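K.L.:
Fit chain A to the given chain C structure using the hints.
Those sequence lines, one after another, are chains C and A.
Residues 1 to 166 (the numbering used here) make up the first sequence, in order.
Residues 1 to 101 (the numbering used here) make up the second sequence, in order.
Derived by calculation from the structure, the hints in this document are not laboratory data.
Quantities reported herein were computed from a predicted structural model and do not represent experimental measurements.
Treat the hints with caution; some may be incorrect.
[As the list claims (entries may be wrong)] Covered by chain C, per the in silico footprint, the following chain A stretches (three or more residues, Cβ under 8 Å): (1) 15-21; (2) 27-39; (3) 43-52; (4) 65-71; (5) 82-93.
C-beta: ideal position from N, C-alpha, C; glycine also.
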Amino acid sequence: MATVIFYILGFTALAATALCITRRNPVHAVIYLVNAFFALALIFFLLGAPLVAAWEIIIYAGAIMVLFLFIIMMLELAPTEELRGPGWLRWGPVVLLSAVLLGCTLLLIVAQPMAGTGEAAYYATPRDFGYALFDRYALAVQIVSFQLLFAAVGAYYVGRVERGRR
Amino acid sequence: MIVPMGHILAFSAALFLMGLACVLARRNLIMILIGVEIMLNAVGLTLVGASALWQAIDGQIFVIFLMAMTSAEVAISLAMVVYLSRRRGTITANDFDGMKG
Numbered sequence: 001m002a003t004v005i006f007y008i009l010g011f012t013a014l015a016a017t018a019l020c021i022t023r024r025n026p027v028h029a030v031i032y033l034v035n036a037f038f039a040l041a042l043i044f045f046l047l048g049a050p051l052v053a054a055w056e057i058i059i060y061a062g063a064i065m066v067l068f069l070f071i072i073m074m075l076e077l078a079p080t081e082e083l084r085g086p087g088w089l090r091w092g093p094v095v096l097l098s099a100v101l102l103g104c105t106l107l108l109i110v111a112q113p114m115a116g117t118g119e120a121a122y123y124a125t126p127r128d129f130g131y132a133l134f135d136r137y138a139l140a141v142q143i144v145s146f147q148l149l150f151a152a153v154g155a156y157y158v159g160r161v162e163r164g165r166r
Numbered sequence: 001m002i003v004p005m006g007h008i009l010a011f012s013a014a015l016f017l018m019g020l021a022c023v024l025a026r027r028n029l030i031m032i033l034i035g036v037e038i039m040l041n042a043v044g045l046t047l048v049g050a051s052a053l054w055q056a057i058d059g060q061i062f063v064i065f066l067m068a069m070t071s072a073e074v075a076i077s078l079a080m081v082v083y084l085s086r087r088r089g090t091i092t093a094n095d096f097d098g099m100k101g
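In isolation and in its complexed conformation, chain A is listed as follows:
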């Protein structure tokens, strides 16, 4: 290991918190999806760090599955963004309050 595992975990946690803040604070649907991407990348960094720590390849394999899952998620969610934009003419999250009690 070139750096202690704790530093990798701290770096990954900082990235994850930034992504979480982006998801919670932004109202643009595209920016919310970008926040999700940042969080998934932070998780991937943790997996690669664990793979280097235990000298096992399984963490890197899981990153590949994570990337496949991210591709599927992005395809579906961007299609939904296009659908919502066509249907309602906006992609601001606050405007989709049709089920509010």
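One chain only, chain C, in its complex shape:
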């Protein structure tokens, strides 16, 4: 059961990524990439990493992709010419991918696919995760937080508007 869902999600992610990298419009590419990240998050959940799955949705699909969309719209990078061809060709693939992902999510909620495998599946609870992260890897957490701080300062420095030049 879990194996079948894994392969369905894998092909969904590959299809979404293939559609993403071939789009001409960056907004469409970002939408397909959100689908691919959702499929990857469900795969992480199947592999026993529920917290990583949640962060994949929150950080990647939520924060980073919305930042991409924001930049695309701020710089007006999306092509504005009228698209040709029938309408279902434009919204059909993304609706199909989203429907597959929604179906897999509901199946994971109602069917408890881990129960039938017979072996004790590996499952990292948030408690284990927190202990490992803030005990063994405490120094790495601090280094990474410094890196994020430097990145925020650097992004501010690069992105500021210089007075008197415009």
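P.N.:
Same frame as chain C, now just chain A:
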């Protein structure tokens, strides 16, 4: 393990190659950054698969560090995209050839 590790590695390699193709073939800076995102996610999938294979949590911890690194990279690179777009009025990678010999 619900699937063999080889299948996870093959899936991850396919995702990585798609991201690499996107970085190498596209000329839009935004699409190049999207390709980098795809590659980093493929690496994260490998780490989670290894974590499930060896029943150890370290792989998942590394995915968190990978996500933090990706956030930093995206913040800097999107700021640079905004800077280049303001300065040169384009985000096509081929237009930035000022150091070409």
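K.L.:
Hints first: check each against the structure and report whether it holds.
P.N.:
Evaluation of the provided hints:
no. : hint  : verdict
1   : 15-21 : holds (count 4)
2   : 27-39 : holds (count 8)
3   : 43-52 : holds (count 6)
4   : 65-71 : holds (count 6)
5   : 82-93 : holds (count 5)
Comparing the model with each numbered hint stated earlier shows that all of them hold.
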